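Note that the sequence shown covers residues -24 to -1, 1 to 127 in mature numbering (1 follows the signal peptide of the UniProt record, and there is no 0).
Each hint should be verified, as a subset may be incorrect.
Claimed, not checked - Label pairs and their computed distance ranges (CB to CB):
1) P41 with E100: 25 to 31 Å
2) V120 with P12: 18 to 24 Å
3) E35 with P106: 26 to 32 Å
No lab work stands behind these hints: they were computed from the structure. Here the structure is a predicted model, which means the values were calculated and not measured. Positions of the beta carbon are idealized from the N, C-alpha and C atoms, including for glycine.
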Amino acid sequence: MIRPSRRRLMLGLPLAALAGPALAAPPKRMTAYKTPWCGCCGGWIAHMRQAGWTVEVVEREDLAPIRAQHGIPDRLASCHTAVVGAYAIEGHVPAGDVDRLLSERPAARALSAPGMPAGSPGMEAAGREPYTTVLILNDGSTRVFGRHNGA
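Using the sequences plus the hints, can you model the full thing?
Spelled out as structure tokens, the structure:
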């Protein structure tokens, strides 16, 4: 068995200490904008927190300016908008899709679960319907990102 010399071990420890934080995953933080009267938004925020996200909640009476700032067209709108890094998350997008978005880092501006699909995170009490999450690309075009509840 080869044993490392004490000197080699002592020289390597500071380098390992420096590499440790660089290898750690960045904190999962987002800001969620919601209206004061929407209850299902709270359910989605709870879903994200259960998935390990730290969510700062900002209540606004009108979310249209937030959606416009992030290039989310009205046809893909929902009841709340979150922002994480350079991306907006519109509506009841599952935490797994948000994690995948941040892992893949596509050239996109937002991820949306248009409307308020029954059975999506925060909308479980409304029943269960198939739905898709839609990636809004930087050029404004869209593509299906995820399929849920048998969609």
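Here is what the structure says about each hint:
no.	hint	result
1	P41 with E100: 25 to 31 Å	29 Å, holds
2	V120 with P12: 18 to 24 Å	32 Å, violated
3	E35 with P106: 26 to 32 Å	31 Å, holds
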